[in-house]
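**Q** Residue strings, one per chain:
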Amino acid sequence: MLSLDQIPDALTQPARPEKSFVRQQILASAFTRRGLFRAVAATGMAIGLASLDGISRLRRAEAVTTWGNCPNWHPLLAGIYGVPAGSSAYKFWTLEWNKCNPTHGSAAGNIGPGFCGSDGFHRNGVVGSIEYDRRPASCAGRNTWAWKRNGVEPEPPDVRCSDGRFRLLSSGSAWVNSTCKHPM
Amino acid sequence: MSKHIYFIAPDGRAVQARSASSWFTNRCDATLIVQPATLNGKYPDRAQGRELHVTFAGGYDPIAFQLLDAHVEQQLTVPGGEFIVYRSSRSDLQGLALWRGPYHEIASWLPPVAESEGIDPWGRFSGLRIEDAPDGVLVTSAAESAVNVRVTDVSNYVEGVGMLYFYAPAEALGRVPTFKGRSVPSGEVWRTTVTDLDDGPVQTHFVLASPQSVVSLVPEHGAAPKYGRQLAFLESLLHVESNALARKAS
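Here the protein sequences come in this chain order: A and B. Residue numbering for the first sequence follows this note's numbering, beginning at 1 and increasing consecutively. Residue numbering for the second sequence follows this note's numbering, beginning at 1 and increasing consecutively.
No wet-lab data here; the hints were simulated from the structure. Treat the hints loosely; a few may be bogus.
[Unchecked claim] Think about it this way: if two alpha-carbon atoms lie no more than 25 angstroms apart in a straight line, the pair counts; the simulated SDA-like pairs of lysine to any residue are:
#1 A/181 to B/93
#2 A/181 to B/111
#3 A/181 to A/126
#4 B/180 to A/21
[What the hints assert, rightly or not] Derived list of chain B stretches under chain A, where covered just means 3 residues or more per stretch with a C-beta under 8 angstroms from a C-beta of chain A:
#5 170 to 180
#6 205 to 213
Glycine residues also receive a C-beta, built at the ideal position from the N, C-alpha and C atoms.
So here's chain B without its partners, still in its complex pose:
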């Protein structure tokens, strides 16, 4: 546990948070959408994209072996990492296409064998340039390709508190109310109740805005009704940031 996290998001933004007490484990996940730079107008935009998931190297092994009962079907070593295709021994379970570097890995789900005819597992990573480093993996469009890479969320789990989702402030302005929130050392905070349906269960989430980041805190399941731990965490945060471009593709 530490008082500080620092992580380079796949688009090169530095994501960091600093607190007065030790809350953090230095491990973040991210989700990416990769789309053709030119959309052809024949399909919904989203249907032309691929979703990729970033986590620490080896993070998907337990999923592949324990959950999917999978084996390594293909493995290809490339400069800077390796490609791995996992196939399940069960026909109803999906597989995984994985790029694994020394520090992080990027995963994409493959359909079950029966539905995977004509699907190229390597195609999930085509057009991408991947550079791995201890503090994050950078995913950009390869010079000769025409794809856009967009990071949809970067998250960090804080034990006993909940999930933190970091957004660049300009992209998350819609989450920040126009009226003043409660001042905390790192910015202003609001609460919001979330109902899944009109008659559904009510949950309380928190939005923390600073000039450098907008953070959603989704409390852990079973949080005390007064959210004492979550509020102590928010009050302890001294700085959050997810805006500055810290690294570019080499």
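This is chain A alone, in the form it adopts within the complex:
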């Protein structure tokens, strides 16, 4: 029977690491020339978008789940106007936007301190007839982001948001996105 101490920690490389056989198999099948063409055709993703996403995933794995220091989104939007697509400034702001607007409004209305647990993050577990679930990677691969004052008027308060979702157990409803938001 499997026990927790038999499972390697994904973030700590052993002293004498053996290569992952499964990873080699994934690489072999996915990144052959034919496999790569097939994958691109199947997903229909823009190459630039995919490469940005890939890089950020490679760097972060699942270690830390908070993006700190998100800029005020009003100046963020102002900053993007007139910035040529593909420029380094554009890529920077796009990445910032993805980090700090994880659900792109899909939790609209389901945002507030009521979704926060006692730990200050999105509730996780059953409370009464509602089941909550923290979404570990909805925010460009992390769960949480923090808006900080950045000196631009009007000043928003510093807030922290943590993504999750919930469903009503009594009626077996679908999962609905929600966001825990509270002053820091």
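The hints should help you fit chain B onto chain A, whose structure is shown.
**A** Just chain B, lined up with the frame of chain A:
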């Protein structure tokens, strides 16, 4: 409860898992991002997209009626399904735009009435071709439209264990360590501790990699410290797959 799940993701991939014991309910959810095929460079890419949520038909009714105190504002029958717009009777609560087929439905949130001026609820589904079937709903770009549809996650809840998130292996390679994981019948498994902040609570997640799928297991809240049930589940899994294109738009 069954030993097998089989689900067609909205991009046509077959998502399936097989275990030695009965763990599964055959119900999966998915999240989609729909973006213009050509991004205009004037706004962040993400701001030009729409997020849609797929679940079983009728799954949003309790949300609409119990939670949002909503009523049906518009309803339009179309071949293969119907469009429904729910509006809340409360000004501070949002509405829902819904495509509902015989087996599944696709939802998009609408802003509260006060903020919804100029927003076309049907626009959330424009440019899409939707084909519903018992094992999944296929969402693709309509022939005349220029949108890209991307599935961000497909998830399945396993009672008493937690949430499973299935990813295509090539897209999730960054989650798979270069060093060997613990061998289990379906592949290799690693654990990872997740901290929300430096001083935040620590949670343990599991990553299971097979040549056909990468699966993240997020244990249910209140899981025992040694994660016995989660480990028994991982050991019981015989096969996971989320890579093969099983269906194309007709």
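**Q** Next, verify each hint and record whether it holds.
**A** Outcome of the hint check:
no.: 1; hint: A/181 to B/93; verdict: holds, 16 angstroms
no.: 2; hint: A/181 to B/111; verdict: holds, 18 angstroms
no.: 3; hint: A/181 to A/126; verdict: holds, 19 angstroms
no.: 4; hint: B/180 to A/21; verdict: holds, 7 angstroms
no.: 5; hint: 170 to 180; verdict: holds (count 11)
no.: 6; hint: 205 to 213; verdict: holds (count 6)
Comparing the model with each earlier hint shows no violations; every hint is respected.
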